[in-house]
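Those protein sequence lines, which keep their order, are chains V and U.
Numbering of the first sequence is given in the working numbering, commencing with residue 1 and proceeding in unit increments.
Numbering of the second sequence is given in the working numbering, commencing with residue 1001 and proceeding in unit increments.
It cannot be assumed that every hint is accurate.
Selected chain U positions facing chain V (in silico; Cβ < 7 angstroms) [stated by the list, open to error]:
1) S1059
2) A1061
3) V1063
4) V1076
5) L1080
6) A1116
7) E1139
8) D1142
9) T1158
10) V1183
11) V1187
12) R1202
13) A1316
14) H1325
15) A1334
16) R1336
In case anyone wonders, no lab produced these hints; they're calculated from the structure.
Think of the CB as a built atom: it goes at the ideal place given N, C-alpha and C, for glycine as much as any other residue.
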Amino acid sequence: MGKPLDLVVLVKQVPDSGADRVLRESDFTVDREASDSVVNEMDEYAIEEALRLKGEHGGTVTLLTMGPEQAVTSIRKALQMGADAAVHVTDMALAGSCAVKTSEVLAAALGTLQWDLVLCGAESTDGQLCVIPAMLAQRLDIAALTGARKLTIADADSTGERVGTIQRQTETGYQTIQASLPAVVSVWDTINEPHYPTFRDIMAAKSKPVSTLSLVDLGIDAAEVGFIGATSVVTSVVPRPPRGAGVVIDAGADAGAKLVEFLASRKLV
Amino acid sequence: MSSDNVATEVLVLAEHTDGTLSKTTAELITAARILGEPAVVLLVRGGRGGRGEASGGSSDAAVDALCAQLGELGVVHVMLAQAPEFGSYLVTPVVQALAQLVRERKPAAVLLTASADGKEVAGRLAVLTGSGLLTDVTELRDDGAATQEIFAGSTIVTSRIITGTPIYAMRPNAITSQPAVPVQPEVRTVEVLLSASARASRILDSVVEPKGNRPELTEASVVVAGGRGVGRAEDFQLLEQLADQLGGAVGASRAATDGGLYPHQFQVGQTGKSVSPQLYIACGISGAIQHRAGMQTAKNIVVINSDSSSPIFDIADFGIVGDLHEVLPQTITALRERAGS
Ligand SMILES: Cc1cc2nc3c(=O)[nH]c(=O)nc-3n(C[C@H](O)[C@H](O)[C@H](O)COP(=O)(O)OP(=O)(O)OC[C@H]3O[C@@H](n4cnc5c(N)ncnc54)[C@H](O)[C@@H]3O)c2cc1C
Ligand SMILES: Nc1ncnc2c1ncn2[C@@H]1O[C@H](COP(=O)(O)O)[C@@H](O)[C@H]1O
């Protein structure tokens, strides 16, 4: 085993994507009371990958979340997978933060920690921006290995330099991308299969250290973030208009013919 | 700021491969005209400053072809920059070039495609220029208000950017590109200064995985998609056959790709591809919200499913309750007869 790897995994609490999700009328933020909150699915793959790397290289896995106080339930859940500790950035003033400001806060929090590699999900199921990992790399001025479906970290060479290589999933196939550490890696759900925690893991998670950081701890002005500091404002939220009711028939020997008739009526054949 | 700049100049990042503009670049140009006068930024791998095939870059012919295609789209202003870093390193060379142009030209907005690369460029550019950004924009108004569809497309949000130079990453296929009077573009060569961080993430190779002769899933006007109900990988041949008759592409649900029935690159949905075809035929797909997220903007939706209580029927224009293993062969035969008669 070479030099150990210290890993930080970014974990976001999101409303369950399988349930009905709504934005609050008053301030257009996610109504967390109206839907169950879960760990962003893609982040579980990032945790799994971090644990795999720790098994291979040794080191530590720390989770980092920015979110409201209630997010601690998702942090505890995520810790059950086997990470060592977690850091929770939470502050009333953070409510309503846009991606630009979220990345500033997460970058500042990363500045208080020791790590060789930051792992994230490739996208969050609520925001679906796919921008936080790239923004963090930009702010920290380190390499980004984004959209990975495969990740390898080579042992350090004689100068102590370590190189990461990914297969980056693209619209038409993949690219092989390589960079020196430290780096930010984001992963898709094709990279591994997250394991279910054992009873012992679940019990152990209860006593793992979770420390909190406030904006004051990070030296960030409260007026710079949240609703007042946001770089964009939501002006309206409406549900998608429902599709008109269609025709449903029971299959019979002529179902195929009826389907072709429908296609012809819409000028699709 | 250069003297010839107009207050409403809108920078558009051209997407291209092998001397061909992407279809989405035309959509960006149409969207840019809503806000002002498009100025297309064309970043091409080549020798620094000048042109150069010798350096492994694009040929003069490829650059000329791209400019000609922009002329066809009615684009008057083109800013061309060449450097060996473009296409050799992941997104950062493009970010630095755009940031420089934003500083120099103070455009009214920057438009790019909400592809994987495009979104990363947008995010980094926002950080570098102290600007706000909106990704996956589906509609743009002349006052800069932009709509996005969130929560698996169930909710439509309108927002405005209030900080810096607004950056919009436009969702492919959301805006229909409008034809324009062809022009002879004025191509200005710009010198971009790239720092060492532009060379942080090296692209060692780019592999296009074979997708057969069918059209690109995201661009196809017909998509025949299969889910767990297809049952066996071999039975996807039925869907392929129908897709080929209709000149369409084949898609799959996550249950189908996870179960090894069909390759992952064809997954449609929240964590797969978003499609917006004229016709979507869902076979043996239940219609989970994460699947609908990627296809519910299809103009016509046909459903074949043996369980009439499947939620996919809620969004069907034409639904058949039945076994796809019977309905698909019937449909293939009916289409063949129609073609023959
Ligand atoms: C965070 C997250 C992201 C996700 N992203 C995606 C995504 O991008 N894309 C996606 O598709 N899913 C996604 N999912 C999964 C999604 O929730 C569903 O599990 C999945 O879409 C189900 O696929 P399915 O409809 O093929 O399978 P099932 O739900 O099992 O449905 C199979 C259907 O086939 C029908 N059937 C069975 N036999 C036959 C037959 N012989 N003839 C006709 N019909 C038959 C059944 O009636 C049933 O309706 C995601 C889930 C999560 C949590
Ligand atoms: N508030 C947050 N706290 C921790 N991690 C986050 C947060 N927001 C985004 N991330 C990380 O960034 C990834 C991509 O998110 P996004 O850019 O929002 O699609 C997620 O999968 C998380 O790993």
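Hint by hint, where does the structure go against what was stated? Just the numbers, ascending. 1, 2, 3, 4, 5, 7, 8, 10, 11, 14 and 16
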